[in-house]
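Student: Kindly generate the complete structure, drawing on both the sequences and the hints.
For the sequence shown, full-length UniProt numbering assigns the number 1 to the initial residue and increments by one for each residue that follows.
Don't take every hint at face value.
[Stated by the list, open to error] Per label pair, the in silico range of CB-to-CB distance:
(1) A225 with E100: 42 to 48 angstroms
(2) R189 with E223: 31 to 37 angstroms
(3) R190 with A221: 42 to 48 angstroms
(4) E249 with G141: 26 to 32 angstroms
(5) W146 with G94: 28 to 34 angstroms
No wet-lab data here; the hints were simulated from the structure. This structure is a prediction, so every number in the text was calculated from the model and none was measured. Where is the CB? At the ideal position from N, CA and C, for every residue including glycine.
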Amino acid sequence: MLLELLRDPQIPLRPPKPPWGPSKAPGEPPNPSGPPKSPQNPHSRDPPKLPWGPPKPPKTPQMIFPELFLTEHAHVRMLRVLLELFYQPMLREGFFDEQELSNIFPSLEDLVEVHSEVEMGGLRMEMGGLRVEIGGSQFEGTEGSWFQKISARFCSRQSFALEQLKAKQRKDTRFNQFIQEAESRPRCRRLQLKDIIPTEMQRLTKYPLLLLSITKCTEAAAERAKVEQAAECCRQILNHVNQEVRDMENLMVGP
1 MLLELLRDPQ IPLRPPKPPW GPSKAPGEPP NPSGPPKSPQ NPHSRDPPKL PWGPPKPPKT
61 PQMIFPELFL TEHAHVRMLR VLLELFYQPM LREGFFDEQE LSNIFPSLED LVEVHSEVEM
121 GGLRMEMGGL RVEIGGSQFE GTEGSWFQKI SARFCSRQSF ALEQLKAKQR KDTRFNQFIQ
181 EAESRPRCRR LQLKDIIPTE MQRLTKYPLL LLSITKCTEA AAERAKVEQA AECCRQILNH
241 VNQEVRDMEN LMVGP
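Tutor: Here it is in structure tokens:
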């Protein structure tokens, strides 16, 4: 039968199927070669993607430790900007005397020193690699009390400092020019002085959150207890500083 079909020209052969989908009716444009295009992207021949991606892997201590110490390093850098580009030149140029600056930027040099110790206190080189240790030594006991005292002193004067500097800029053209030139330095990273002063208070709010993230991925009970203790000390310091800020603001407003 097959040979007869091939030999007999009167019996039409079935036309071959197009490689993709049914053939078009006469007059319609032919199908493009290739598989159907995705409805989400008419120019793509890939299958449509799901609206959600693969789940993100949970953070590990190796991911959070660098975040903690890199952000601490960035904070120390901004405190040094405040000290070296604003505080010291203001004193040197005679815009304020030392007593006035101690009221505007109280304990600034002490804060730079303490935060530098926090930055380096948890890092230790061991067996050629970097080992990170978290403890509450900088946040409890004598060191913690000193940290709490100077942080509260600086943060509670924040509103006062901003008002004094703003008033000085309005009255003193030379001082206003000095501030603008200092803020244009690359070390300020496009931040104004009014944005740099609050960074200490902002940093204090981050400590409990960062330490809590570390406790969630610390398996060893002893290490987790140390981090939890450090987080609790940071919360107590933050609460104390917040209260000092409120008390100072009430004094500035008056009865």
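Student: Run every hint past the structure and note whether it holds.
Tutor: Now for the hints, and whether the structure bears them out:
Between A225 and E100 the Cβ separation comes to about 46 angstroms, which falls inside the hinted range of 42 to 48 angstroms. The supplied range of 31 to 37 angstroms is met by R189 and E223, whose beta-carbon atoms lie about 35 angstroms from each other. Between R190 and A221 the beta carbon distance is about 45 angstroms. The supplied range of 42 to 48 angstroms therefore holds. Judged by the Cβ atoms, the range 26 to 32 angstroms given for E249 and G141 holds: they are separated by roughly 30 angstroms.
For the hinted restraint 28 to 34 angstroms between W146 and G94, the CB-CB distance of approximately 31 angstroms keeps it satisfied.
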